[in-house]
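Trainee: Spelled out from the first residue to the last, the chains are:
2 protein chains.
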Amino acid sequence: MKKINIALCGVGNVGSSFIDLLFTSREKIKSNFDIEINLTLIGSRKGEIANNDFQGQIERDILKVPLHKDIDIVVELIGGTDISYELAKLALENNKHFVTANKALIAEKGPELFKLASKQSLHIGFEASVGGGIPIIRTLRDGLISNKINWFKGILNGTSNYILSKMYLEDQTYEDALKSAQELGFAEPDPTFDIDGTDSSQKTAILSFLSFNGEVSPLKIYKEGIDKIESLDLEYGKELGFSIKPLSIGVNNKDELFLGTFPSFIKKHEILANVNFETNVIEINSANLNSTAYQGPGAGGYPTSTSVINDILDIAKGKIFDYSNLLNPIEISDFDAFKTSRYLRLMVTDEPGVVAEISKLIAEKGLSIDNLIQKENKNQENIIPIIIVLGECSEKISKSLIHDLEKLSQVREPVQHIRFID
Amino acid sequence: MKKINIALCGVGNVGSSFIDLLFTSREKIKSNFDIEINLTLIGSRKGEIANNDFQGQIERDILKVPLHKDIDIVVELIGGTDISYELAKLALENNKHFVTANKALIAEKGPELFKLASKQSLHIGFEASVGGGIPIIRTLRDGLISNKINWFKGILNGTSNYILSKMYLEDQTYEDALKSAQELGFAEPDPTFDIDGTDSSQKTAILSFLSFNGEVSPLKIYKEGIDKIESLDLEYGKELGFSIKPLSIGVNNKDELFLGTFPSFIKKHEILANVNFETNVIEINSANLNSTAYQGPGAGGYPTSTSVINDILDIAKGKIFDYSNLLNPIEISDFDAFKTSRYLRLMVTDEPGVVAEISKLIAEKGLSIDNLIQKENKNQENIIPIIIVLGECSEKISKSLIHDLEKLSQVREPVQHIRFID
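Quick note, the sequences are listed as chains A and B, same order.
The opening position of the first sequence corresponds to residue 1 in this note's numbering, with each subsequent residue numbered one higher.
The opening position of the second sequence corresponds to residue 1 in this note's numbering, with each subsequent residue numbered one higher.
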């Protein structure tokens with residue numbers, strides 16, 4: 001029987017679930033793997049430990065946890081990039097493996113930590129940092145490594161997916177959907193990082209690192225939040241046969257590499273279009289496998305803890321992966337060159353000649369109109385929506401078009417712009 | 001650099017793809033894992049090796065392959081359970097690891113081979129045996145082992161899914177859909193094992209073994225083929241809001257364990273309902289993760305070979321898993337006790353009182369009718385279809401009902417019976 005001693009730092013929601021899960025699965029792990037995981041130390045400034053099975057020590061100075069001699073692995077379930085970053089460095093410097101669910105830490109400090117771990121032949125486990133309970137990190141690392149990845153598409157933020165699903169499937173307003181997400185615990189009291197794309201961009205950076213084998217800062221990910229989406233757009237999208245999803249994409253075409261996260265229209269029959277509410281999904285297209293997709297709970301105490309335990313088991317089994325080998329220099333393309341077809345919604349004064357003026361501007365840019373639908377006025381007097389489906393064009397040219405359209409006197413509100421992603 | 005020597009037996013479609021993939025991915029494997037895979041020997045009775053990069057030896061007597069001294073792993077891509085079974089035993093007896101894509105072999109002879117491998121601390125890799133390129137075996141083994149699996153549902157046979165998708169989405173007849181599958185190479189010239197559920201039952205047995213940790217013979221899997229499905233049923237299913245899929249299920253409820261493979265109606269918005277044509281998918285529901293789903297190409301040379309290479313890499317990395325630990329005694333429930341709601345289609349003489357007689361029979365069995373729709377006669381004079389959606393009831397009682405219904409003089413054809421699976 002192999003014995004491994006771990007220290008847990010952080011006993012919030014995820015930390016408490018982790019303790020429970022560890023004690024309930026210990027026997028199964030022993031009998032299937034011949035491995036005994038001992039939680040000998042918990043680092044927590046003031047948190048109480050509710051689980052009575054825990055008989056170990058409690059360390060109130062978290063940064064002293066890595067100094068304890070009999071620990072093999074430090075598990076970090078605190079979050080943020082302040083104390084958790086110090087903790088990670090101290091753990092590695094003191095010859096402890098490090099396991100975390102912290103996407104911000106891995107996205108921002110991963111490269112530095114991976115190099116530090118490599119020097120000491122230590123392992124950093126971060127399966128729980130993307131897709132919660134979905135085993136996507138090990139799949140990319142172990143299952144697809146002999147493969148060239150062409151692109152990935154994912155729904156990586158459960159809060160955003162929940163809100164857009166509520167709006168799309170149940171005709172809720174953005175505000176009601178957000179409130180319901182907060183009541184159910186899918187959204188934080190301050191949901192900014194979920195809604196503005198920050199959380200997704202960190203996860204996109206981690207997936208990009210594993211998919212394209214290079215250092216990717218989350219700041220390099222093009223980012224748009226879901227808060228600009230209106231019910232009107234969902235209604236028109238539905239009519240056109242599209243669902244809306246908070247997508248994260250990494251697309252590797254020849255010499256181009258586009259990384260971004262933004263709400264997108266996708267065809268209703270596509271697999272991602274049917275992944276609703278808080279569920280996450282990652283679809284990966286690779287040279288030899290075509291598309292594979294992985295779907296499951298993207299957050300929550302037990303799913304996250306399942307991934308953390310799997311990382312611990314990897315280390316116990318001697319599966320040490322040197323992620324610093326994947327830190328190659330790669331060039332991320334300027335998102336301005338990203339091409340796709342686009343949905344524009346213009347709110348215009350209902351007067352003769354307006355469609356002609358708009359069409360003229362589009363033609364002048366050399367762009368094609370795949371569809372133009374003039375809608376009925378619903379609320380505002382004398383203002384009508386015009387929906388335009390633009391053929392494939394770059395970000396740059398569409399921005400310039402939108403700029404010109406907004407200068408037209410008949411265009412009364414900022415132009416809504418949503419990408420179609422195939 | 002760790003070096004590992006492999007011998008490949010079988011150079012058909014999958015074997016040839018494997019050779020190609022191995023040579024094109026060698027450099028990436030070297031740089032990412034520090035592992036060199038050398039294909040030093042090919043066993044093939046008379047096949048030609050098209051790839052010019054292969055510089056090794058050819059052994060025309062396949063059963064002599066495991067006797068070669070410098071081989072670490074024997075890779076079997078022959079199929080069937082005759083020579084491949086002999087080869088597996090010889091490989092293990094001669095201290096070679098064994099990697100295969102052969103579901104029949106693992107489903108039928110797995111337990112014996114796992115015990116043999118365990119004695120010698122050898123590994124048997126069979127990632128490619130279920131779900132082709134989908135990394136489902138490693139996910140069940142590594143990712144979910146600290147977890148109790150409640151159920152799995154899968155589409156495991158690409159041919160059946162292709163045929164039913166063509167019928168459902170493109171209104172093709174069964175015969176035309178089968179012909180198109182054969183032309184595209186998704187169905188064998190003799191498609192019996194794909195269509196009658198044999199292939200799916202073998203894969204179901206393997207997933208059940210890994211999910212419920214017990215020895216499961218494919219003969220214990222309840223099995224129905226897709227050849228009884230008629231276009232009429234798909235049309236009515238569509239009206240009711242259901243798609244039809246060749247499902248394989250393993251359901252573990254308290255003291256019951258139901259294993260089966262049969263065409264099923266599933267709600268249109270469910271994830272499995274949107275996995276079409278030759279694509280496979282496996283959805284797993286577990287205590288701590290709720291549902292996760294894994295989707296991808298279920299067959300084909302490159303997807304299958306990708307899984308085979310991942311198995312080889314596991315062995316090279318020292319990841320030896322003793323599957324004999326999972327061979328616990330488990331009891332599989334009699335499928336007669338399986339409860340679900342059901343679709344019945346009766347072709348009856350169009351005369352007064354027929355619905356009353358049918359309803360009476362159903363009431364006598366204590367069963368509830370959720371829906372009864374009398375359809376218009378389309379082709380046959382004076383014969384009309386009646387669709388009945390039965391509330392949840394066991395196989396046993398539904399069989400007895402069908403038996404009684406077929407004795408009614410007004411019922412002119414065998415009753416069609418399709419399960420609804422939630």
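These are calculated hints, taken from the structure and not from any lab test.
Do not rely on the hints blindly, as some may be mistaken.
Identical copies go unnamed one by one, so any copy, or any two together, can satisfy a pair.
[Stated by the list, open to error] DSBU-like mimics (lysine-lysine), calculated; alpha carbons at most 30 Å apart, straight line: (1) Lys89 / Lys399; (2) Lys220 / Lys119; (3) Lys365 / Lys64; (4) Lys115 / Lys28.
Trainee: Now tell me if each hint is right for this structure.
Mentor: Verification of the hints:
With identical chains, the CA atoms of Lys89 and Lys399 are never at most 30 Å apart, being 43 Å at best within one copy and 65 Å at best between copies. Taking the closest pair of Cα atoms, Lys220 and Lys119 come within 30 Å of each other only inside a single copy of the chain (27 Å); across copies the shortest separation is 52 Å, beyond that limit. Taking the shortest Cα distances, Lys365 and Lys64 never come within 30 Å of each other, neither inside one copy (62 Å) nor across copies (70 Å). Taking the shortest alpha-carbon separations for Lys115 and Lys28, only the inter-copy value of 20 Å comes in at or below 30 Å, while the best intra-copy value is 34 Å.
In summary, the structure is inconsistent with hints 1 and 3 from the numbered list given earlier, while agreeing with the others.
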